[in-house]
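*Asks:* Chain F is already provided as a structure; the job is to place chain P on it using the hints.
The listed protein sequences derive, respectively, from chains F and P.
Taking full-length UniProt numbering, I'd label the letters of the first sequence as residues 1 to 233.
Taking full-length UniProt numbering, I'd label the letters of the second sequence as residues 1 to 233.
Be aware that one or more of the hints could be misleading.
The list treats identical chains as interchangeable, and a pair is accepted whether it falls inside one copy or across any two copies.
[As the list claims (entries may be wrong)] Each computed DMTMM-like pair below joins lysine to aspartate or glutamate, with the alpha-carbon atoms no more than 25 Å apart:
| id | residue 1 | residue 2 |
| --- | --- | --- |
| 1 | K114 | D67 |
| 2 | K135 | E173 |
| 3 | K114 | E92 |
| 4 | K135 | D68 |
| 5 | K114 | D101 |
| 6 | K135 | D105 |
| 7 | K135 | D16 |
| 8 | K135 | E24 |
| 9 | K114 | E60 |
Think of the hints as simulated: they come from the structure by calculation, not from any bench.
Number of protein chains: 2
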Amino acid sequence: MTLRALAFDVFGTVVDWGSSVIAELTAFGRRHGISADWARFADDWRAGYVPAMNRVRAGELPWTRLDDLHRGRLVELLDGAAITVSDNEIDELNHAWHRLDPWPDSVAGLQRLKQRFLITTLSNGNVSLLTNMAKRAGLPWDCVLSAEIFRHYKPDPQAYLGCADILDVAPAELMLVAAHPADLRAARDAGLGTAFVARPLEWGPGRTPPQPAPGEFDLFADDFHHLADQLGA
Amino acid sequence: MTLRALAFDVFGTVVDWGSSVIAELTAFGRRHGISADWARFADDWRAGYVPAMNRVRAGELPWTRLDDLHRGRLVELLDGAAITVSDNEIDELNHAWHRLDPWPDSVAGLQRLKQRFLITTLSNGNVSLLTNMAKRAGLPWDCVLSAEIFRHYKPDPQAYLGCADILDVAPAELMLVAAHPADLRAARDAGLGTAFVARPLEWGPGRTPPQPAPGEFDLFADDFHHLADQLGA
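Bound-form chain F, shown alone (with noise of 0.2 Å):
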């Protein structure tokens, strides 16, 4: 079957998160005169992210996006640290995601990776974030999708399915481009091509993200350069 689309992975494949959340934080702190470890505030915001999720994800919550996800969080982590500021402040402050830097080889991969595939992302991330992300960053998609669309967020294989069945693409014309074995396990499940591509620094230096075994997914790269040459793009 003919390759036609690819969906993007976001946070960690194609923006830098860490980094990014990590210097909102300290300017952040800066402003406010207030000082903390701010690399582990960012990993405790992020880790907040999986479990209520899965709130979502079992029905304990109706649908939320993920700003108001990372929302909630956000003010129980301030709130732990005893830190007040006024509710614009929080929403600014929230909308770091909104503000992440892409890897640096991300823009011009997918230039090249547009030329010849549709390209879209597939994110967890809520589509007024993935807009106003690809709108600052340069990040030239084709189409914003993202769970908050389905109503599902992956690895529910809703997700994936519902992302082929708007593209009007059949599951196996259609691959995932991700830096997590777990999204491309569920979507290779749901039918869909798999492509890894490694970003060892997304949780910074010296700590080994989780790795595919061996001849796991159809493609594995080193960065979206390494991609578009094994697709010929």
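*Replies:* Same frame as chain F, now just chain P:
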């Protein structure tokens, strides 16, 4: 309230569906050695869209994407003209709506407007149609939103309000840009800003499309450059 985002009607407002569909039908006729009044065929094809959509809006049909409504009408028209072609050829011809050419000012005007505002589609066309069209024509959308995402065709208020909600802006921070007064009236009733763009050739030379009353909408523009001038973009 600050204007933050512009949502564009597409068929007739951004692209010249009439000339494009007539050209596709003419080429189809030439391939199959069929002569017909293709301009009238195009009008009849387009004319089938509102009643079919209204059956979905009224709940007589379940949600059906525009590609499938277009295809149903096309099959009726081909049958009525005793034209017999394969299912693949019908699909290929039906995708004429994915290959519409922009008005001469559309791409450059959108590039200007995009510098200052978030720009999105808000069309009854389905996501794959709009995405394929944008990729072919170079329409630089920040994201691709559609009635398909909100499961409500315009002029249902849910389409306009759903667009504001998913962009995380207030209705008054969003402006609909359209060449059709009825679309703009529904957007205004939902609380959006409104910009009428005159597209006098939408239905071909010598057929004047419906015009708005003086002062009925927030802005009145001759084309997208004139709109950009008025919005300071």
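*Asks:* Each hint should be assessed against the structure and marked as holding or not.
*Replies:* Taking the hints in turn, this is what the structure says about them:
1. Taking the shortest Cα distances, K114 and D67 sit within 25 Å of each other only across copies (24 Å), while inside one copy they are farther apart (28 Å).
2. Only between protomers do K135 and E173 lie at most 25 Å apart by alpha-carbon distance; the minimum there is 18 Å, versus 27 Å within a single protomer.
3. Taking identical chains as interchangeable, the C-alpha atoms of K114 and E92 lie at most 25 Å apart only when they sit on different chains, with a minimum of 23 Å there against 32 Å within one chain.
4. For the identical chains of this complex, K135 and D68 are intra-copy neighbours only, at 21 Å inside a copy versus 32 Å across copies, given an alpha-carbon limit of 25 Å.
5. Taking the closest pair of Cα atoms, K114 and D101 come within 25 Å of each other both inside a single copy (20 Å) and across two copies (20 Å).
6. For a Cα distance limit of 25 Å, the shortest separation of K135 from D105 qualifies both inside one copy, at 17 Å, and across copies, at 22 Å.
7. Taking CA atoms no more than 25 Å apart as the test, K135 paired with D16 passes inside one copy only; the shortest distance there is 16 Å, against 27 Å between copies.
8. In the homo-oligomer, the alpha carbons of K135 and E24 lie at most 25 Å apart inside one protomer (18 Å), although the nearest pairing across protomers, at 34 Å, exceeds that limit.
9. Taking CA atoms no more than 25 Å apart as the test, K114 paired with E60 passes in neither setting, with 39 Å inside one copy and 39 Å between copies.
Hint 9 alone, counting from the list given before, is not met by this structure.
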